[in-house]
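Chain residues, written in single-letter form:
Protein chains: 2
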Amino acid sequence: MSDATPRPAGALRDFARRIFGAAGLAPDKARAVAHYLVEADMMGHTTHGLALAPWYLAGIDEGVVTRDGTPEVISDRGPAVCWRGRRLPGAWLAEQAMLLACARARDFGTATVVVGDSHHNGALAAYLPIATGQGLMASIASSSPSGAQVAPFGGLKGVMTPNPVAYGIPVPGRPILIDLSASITTVNLAQRMIRAGERYDHDWVMDAEGNPSRDPEVLTAGGTLLPTGGLDHGQKGYGLALAVEALTQGLAGYGRADAPRGTNAAMTITVHDPEAFGGARAFLRQTGWLAEACRSNPPRDPSRPVRLPGQAAQARRDRALAEGVTLHPGIWEALSAEAEKRGLGWAG
Amino acid sequence: MSDATPRPAGALRDFARRIFGAAGLAPDKARAVAHYLVEADMMGHTTHGLALAPWYLAGIDEGVVTRDGTPEVISDRGPAVCWRGRRLPGAWLAEQAMLLACARARDFGTATVVVGDSHHNGALAAYLPIATGQGLMASIASSSPSGAQVAPFGGLKGVMTPNPVAYGIPVPGRPILIDLSASITTVNLAQRMIRAGERYDHDWVMDAEGNPSRDPEVLTAGGTLLPTGGLDHGQKGYGLALAVEALTQGLAGYGRADAPRGTNAAMTITVHDPEAFGGARAFLRQTGWLAEACRSNPPRDPSRPVRLPGQAAQARRDRALAEGVTLHPGIWEALSAEAEKRGLGWAG
Numbered sequence: 001m002s003d004a005t006p007r008p009a010g011a012l013r014d015f016a017r018r019i020f021g022a023a024g025l026a027p028d029k030a031r032a033v034a035h036y037l038v039e040a041d042m043m044g045h046t047t048h049g050l051a052l053a054p055w056y057l058a059g060i061d062e063g064v065v066t067r068d069g070t071p072e073v074i075s076d077r078g079p080a081v082c083w084r085g086r087r088l089p090g091a092w093l094a095e096q097a098m099l100l101a102c103a104r105a106r107d108f109g110t111a112t113v114v115v116g117d118s119h120h121n122g123a124l125a126a127y128l129p130i131a132t133g134q135g136l137m138a139s140i141a142s143s144s145p146s147g148a149q150v151a152p153f154g155g156l157k158g159v160m161t162p163n164p165v166a167y168g169i170p171v172p173g174r175p176i177l178i179d180l181s182a183s184i185t186t187v188n189l190a191q192r193m194i195r196a197g198e199r200y201d202h203d204w205v206m207d208a209e210g211n212p213s214r215d216p217e218v219l220t221a222g223g224t225l226l227p228t229g230g231l232d233h234g235q236k237g238y239g240l241a242l243a244v245e246a247l248t249q250g251l252a253g254y255g256r257a258d259a260p261r262g263t264n265a266a267m268t269i270t271v272h273d274p275e276a277f278g279g280a281r282a283f284l285r286q287t288g289w290l291a292e293a294c295r296s297n298p299p300r301d302p303s304r305p306v307r308l309p310g311q312a313a314q315a316r317r318d319r320a321l322a323e324g325v326t327l328h329p330g331i332w333e334a335l336s337a338e339a340e341k342r343g344l345g346w347a348g
Numbered sequence: 001m002s003d004a005t006p007r008p009a010g011a012l013r014d015f016a017r018r019i020f021g022a023a024g025l026a027p028d029k030a031r032a033v034a035h036y037l038v039e040a041d042m043m044g045h046t047t048h049g050l051a052l053a054p055w056y057l058a059g060i061d062e063g064v065v066t067r068d069g070t071p072e073v074i075s076d077r078g079p080a081v082c083w084r085g086r087r088l089p090g091a092w093l094a095e096q097a098m099l100l101a102c103a104r105a106r107d108f109g110t111a112t113v114v115v116g117d118s119h120h121n122g123a124l125a126a127y128l129p130i131a132t133g134q135g136l137m138a139s140i141a142s143s144s145p146s147g148a149q150v151a152p153f154g155g156l157k158g159v160m161t162p163n164p165v166a167y168g169i170p171v172p173g174r175p176i177l178i179d180l181s182a183s184i185t186t187v188n189l190a191q192r193m194i195r196a197g198e199r200y201d202h203d204w205v206m207d208a209e210g211n212p213s214r215d216p217e218v219l220t221a222g223g224t225l226l227p228t229g230g231l232d233h234g235q236k237g238y239g240l241a242l243a244v245e246a247l248t249q250g251l252a253g254y255g256r257a258d259a260p261r262g263t264n265a266a267m268t269i270t271v272h273d274p275e276a277f278g279g280a281r282a283f284l285r286q287t288g289w290l291a292e293a294c295r296s297n298p299p300r301d302p303s304r305p306v307r308l309p310g311q312a313a314q315a316r317r318d319r320a321l322a323e324g325v326t327l328h329p330g331i332w333e334a335l336s337a338e339a340e341k342r343g344l345g346w347a348g
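So the sequence lines, in the order shown, correspond to chains A and B. For the first sequence, counting from 1, position 196 maps to 196 in the working numbering; every step adds exactly one. For the second sequence, counting from 1, position 282 maps to 282 in the working numbering; every step adds exactly one.
Simulated from the structure, these hints should not be mistaken for lab results. Where a beta carbon is used, it is the ideal one built from N, C-alpha and C, also for glycine. Don't take each hint at face value.
[Claimed, not checked] Footprint (simulated), chain A over chain B, 3 or more residues, beta carbon under 8 Å:
1) 70 to 78
2) 155 to 162
[Claimed, not checked] Incomplete in silico selection of chain A near chain B, CB under 7 Å:
3) V73
4) I74
5) V114
6) I178
7) R199
8) H202
9) D232
10) G239
11) R256
12) H272
13) A282
14) F283
15) P299
16) P302
All chains should be modelled from the sequences, with the hints used to inform the complete structure.
This is how it looks when you write it as structure tokens:
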């Protein structure tokens with residue numbers, strides 16, 4: 001089967017779950033990783049979906065990923081919880097942390113769950129519907145102390161990661177799902193473009209001497225991803241990157257200062273229950289007004305109506321659920337090879 | 001005395017306090033407004049310091065600003081508090097909300113205080129040291145439902161405001177103070193540049209037809225402030241602007257959907273106590289490592305060392321405290337005129 005073949009989401013999830021299970025992940029971890037990678041593919045975040053599977057599987061084989069168990073509870077003060085993730089799969093930790101943060105926000109009005117020493121957590125937007133589906137507003141900030149591709153604004157040497165923050169906002173109808181990184185582009189996209197020999201349309205990276213560039217290859221020779229705002233106003237991305245480092249690794253008490261070996265992530269989930277503030281109805285009245293003012297805004301290009309963040313992703317997901325998931329080129333071959341290695345076949 | 005005359009901070013604060021008091025603000029409100037406007041000037045945020053005094057005074061005269069009283073408590077669930085600010089002075093509300101959020105974060109590990117229907121709150125960074133001085137990490141998000149200078153990305157019509165978020169991060173030594181807006185530049189700076197007939201160095205605004213521009217005058221004819229990231233990657237600023245609208249007006253349950261008359265602001269303060277997560281020492285170990293990695297980063301321009309956000313502002317403040325506050329041109333004349341109107345003289 002070629003890459004253009006749409007495959008049923010359920011069968012694809014099951015295939016991935018069996019591969020991760022065969023690689024040694026405990027059943028609940030294999031389920032979560034498979035589920036959220038396929039979610040990312042369905043939403044169109046194809047660099048953060050099943051494309052990550054071979055890398056995750058290598059991590060399991062090498063012992064970088066912990067196969068089973070629970071996080072160590074560093075603190076639990078009700079609305080404030082901190083876990084040491086013991087490099088368990090990031091998808092499972094993110095799901096569990098989001099579920100806990102939502103439950104605690106219902107009890108206390110707001111809650112923050114911080115997870116340090118996690119393995120990679122994939123596409124943050126995929127975890128937001130856990131909260132928005134309950135009428136809760138959530139944010140997830142994430143950083144990776146094992147990476148250093150973003151320099152402080154005005155500097156040359158990579159210190160931080162793209163440090164995304166995702167926000168899930170309930171509105172009447174489909175939620176707004178925002179995924180916003182502190183650098184213009186991401187590490188995984190750069191790696192894909194390097195493999196494909198592609199260049200950016202604009203100067204989104206900088207070489208080791210500080211020259212702006214469109215060539216992702218500069219990252220392999222000491223170059224860095226430019227912060228959001230670029231050379232013009234990159235103090236904005238720099239500020240956001242610093243804030244995310246402090247919110248994640250700072251509150252976790254584990255990060256770059258410990259020079260972690262192997263892929264390592266820290267994430268901080270904060271949930272607010274509108275009912276505990278001005279009320280759920282009043283919240284939806286404001287966000288509904290805002291969403292409509294954006295959707296009905298006169299577009300700069302008449303052929304491209306103004307969209308809300310997450311709108312296209314949710315439409316893609318609907319289509320994938322109805323018509324099957326079409327994977328980005330190369331992913332199916334890599335996944336099939338991983339299955340074959342473990343004596344598994346596609347049962348779709 | 002000309003504008004270049006440095007004036008003692010204490011005398012300047014006292015002068016402003018007496019003017020606001022004579023205009024009718026209750027003593028505690030007059031003190032807070034004077035204090036934080038002078039703080040902003042000392043930190044170099046000169047568009048958000050005493051430059052705002054004539055506008056605030058007009059608001060008091062016109063009854064837009066409430067002169068005395070307390071906010072209405074909409075909800076109080078311990079770590080989750082919501083106030084209706086009754087258009088009390090934003091500086092006083094921001095200070096009180098930050099003090100409460102810090103106290104509650106000490107009790108619960110984290111706390112969020114939301115304030116709707118506030119008057120203008122000035123420079124957010126000025127309130128952060130209340131938290132960082134206690135070793136707490138704070139964020140303040142602010143929006144103004146009475147303004148609409150930022151369009152959704154891809155749209156032409158202003159819907160949102162620059163919607164800044166400020167983050168205060170304790171580090172060993174001076175804190176990091178970040179003030180990050182969702183648009184490239186601000187409304188107050190644009191107004192100052194229009195008065196001075198100045199233009200931006202880059203395309204930071206867009207006219208009503210969607211043409212990028214360096215001329216702030218376009219804002220007076222249906223133009224908009226470009227979101228952070230500009231036309232290249234403005235979906236980032238757009239996402240942040242939406243998140244801030246929801247965090248502030250959404251949680252407050254009061255905002256654009258109510259079409260408030262007169263200057264109106266909403267703000268949301270969230271505080272995290274590192275001691276309730278991975279521990280205060282572990283937090284400072286991470287943020288100290290990060291701060292040093294930024295400060296010692298090889299600079300792109302050898303004559304401009306890499307700085308941490310808030311570093312220059314705190315150095316300016318030190319200098320102003322030692323040598324006096326030098327106001328931006330025009331501010332002293334305007335302030336003196338306001339004093340004279342009320343029969344007050346400078347006692348510096």
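Each hint, compared with the structure:
1. 70 to 78: With 4 residues in contact (Cβ-Cβ under 8 Å with chain A), the coverage given for the stretch 70 to 78 of chain B holds.
2. 155 to 162: That given contact holds, which follows from 5 residues of the stretch 155 to 162 of chain B lying within Cβ reach (below 8 Å) of chain A.
3. V73: 11 Å, violated
4. I74: 6 Å, holds
5. V114: This interface hint holds because 5 Å falls under the 7 Å limit.
6. I178: Result: holds, 4 Å to nearest chain B Cβ.
7. R199: Since chain B brings no Cβ nearer than about 15 Å to R199/A, farther than 7 Å, the hint is violated.
8. H202: Since the shortest Cβ distance to chain B is 5 Å, the answer is holds.
9. D232: 5 Å, holds
10. G239: 4 Å, holds
11. R256: 6 Å, holds
12. H272: Hint holds; H272/A Cβ to chain B Cβ min 6 Å, cut 7 Å.
13. A282: 3 Å, holds
14. F283: Status holds, d = 5 Å.
15. P299: With a minimum Cβ separation of about 6 Å from chain B (threshold 7 Å), the hint on P299/A holds.
16. P302: 10 Å, violated
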